[in-house]
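*Asks:* Listed below, chain by chain, are the residues.
Number of protein chains: 2
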Amino acid sequence: MSKEAPFPDPKSKAESEEGTVFAPKFDAEGLVPVVATSAATGEVLMLAYMNEEALARTIETGEAYYWSRSRGRLWRKGEESGNSQRVVEMRTDCDQDAIWLKVEAVGIDAACHTGRRSCFYRAVPLGPAPGGGVSLRFVDAERQFDPETVYRHAGAAKGTLKSSE
Amino acid sequence: MSKEAPFPDPKSKAESEEGTVFAPKFDAEGLVPVVATSAATGEVLMLAYMNEEALARTIETGEAYYWSRSRGRLWRKGEESGNSQRVVEMRTDCDQDAIWLKVEAVGIDAACHTGRRSCFYRAVPLGPAPGGGVSLRFVDAERQFDPETVYRHAGAAKGTLKSSE
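Line by line, the protein sequences are chains G and Z. Counting in the working numbering, the first sequence runs from 1 upward without gaps. Counting in the working numbering, the second sequence runs from 1001 upward without gaps.
No lab work stands behind these hints: they were computed from the structure. Be aware that one or more of the hints could be misleading.
To be verified - With beta-carbon atoms standing in for the labels, derived distance ranges: (1) Z/Glu1060 with G/Asp27: 38 to 44 Å; (2) G/Val139 with Z/Glu1060: 31 to 37 Å; (3) G/Thr61 with Z/Lys1011: 18 to 24 Å; (4) G/Arg152 with Z/Glu1053: 16 to 22 Å; (5) G/Ala14 with Z/Thr1020: 20 to 26 Å.
To be verified - On the chain Z side, residues computed to face chain G include the following (Cβ under 7 Å): (6) Leu1031; (7) Leu1047; (8) Ala1098; (9) Val1106; (10) Gly1107; (11) Ile1108; (12) Arg1122; (13) Val1150.
Note that the Cβ used here is the ideal one computed from N, Cα and C, for glycine as well.
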């Protein structure tokens, strides 16, 4: 996999859907959305983004790399928190513009920077909304670590305070 | 839920992450990515997008509506194929810029327009790529319906041939 162009250009619709050439489609910002689920429980842990380099590194190393949109840089999951993700399986979808990772937690089982196992710790109730809008309900919201401690420590060591991972 | 502004503007980081007010963040194109998983098996079925209206209708009706980027219009899942999605649970993530739907298939259990149960029917092998790039491997790729028949029929009825749903 060369450093310059790790993946070929997107193919025709038919080739993209029924072929075996991996030619992922990145959006206008050069990103592709990635769903990470727990290989153990199937739970959706997070939705994040990869650029070409993050995708190439993830494939090569079997460790999850993402592109941080807020920080504008490549990010190895767990580089600060220590809680990285080992990729058990990677899949792409019909039009090759989305990625699904089944991952195994390395370290504390908490994919969310708030310290929770999953970023999806609030349910949106269904049905006609009562006056005042939709009110979220916390579910599976227990923290596995204290983000104040984990990220303050990591930030202090590098002279920067990170708002999120 | 008013027709004009179904959701409040996004809140501060703290309120967005730890509050109960549902104030989803739409991207520059007015969309939010949505992961749909099977309520029965946990499998990731598809990654699609919702605009404000699609999200509001999904919440109100408990049926999955999406925004079709290729067709530039609101789309009730299954409006042509007959294979719609009943929402069992909806969740949002820490920064409220992604949605997770647990769905139950109504009709044939096939979320993908290619006729397959899931859009993620190909695995991306991990490890250093051999010369010639990454070659996808078909998994869970059995078709539940014939897309030629289903969409030709639906397209013919409306005088248009649809390339995908």
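*Asks:* Run every hint past the structure and note whether it holds.
*Replies:* For each hint, the structure was consulted:
1. Z/Glu1060 with G/Asp27: 38 to 44 Å: Given about 29 Å between the Cβ atoms, the range is violated.
2. G/Val139 with Z/Glu1060: 31 to 37 Å: violated (21 Å)
3. G/Thr61 with Z/Lys1011: 18 to 24 Å: Because 37 Å falls outside the window, the suggested range is violated.
4. G/Arg152 with Z/Glu1053: 16 to 22 Å: Distance hint for G/Arg152, Z/Glu1053 is violated at roughly 41 Å.
5. G/Ala14 with Z/Thr1020: 20 to 26 Å: violated (47 Å)
6. Leu1031: violated (11 Å)
7. Leu1047: holds (4 Å)
8. Ala1098: holds (4 Å)
9. Val1106: Check failed: Cβ of Z/Val1106 comes no nearer than 15 Å to chain G, outside 7 Å.
10. Gly1107: violated (19 Å)
11. Ile1108: For Z/Ile1108, the interface hint is violated, since the closest Cβ of chain G sits about 16 Å away, which is over 7 Å.
12. Arg1122: Where the cut-off is 7 Å and the nearest Cβ of chain G is about 6 Å from Z/Arg1122, the hint holds.
13. Val1150: violated (15 Å)
In summary, the numbered hints that this structure violates are 1, 2, 3, 4, 5, 6, 9, 10, 11, 13.
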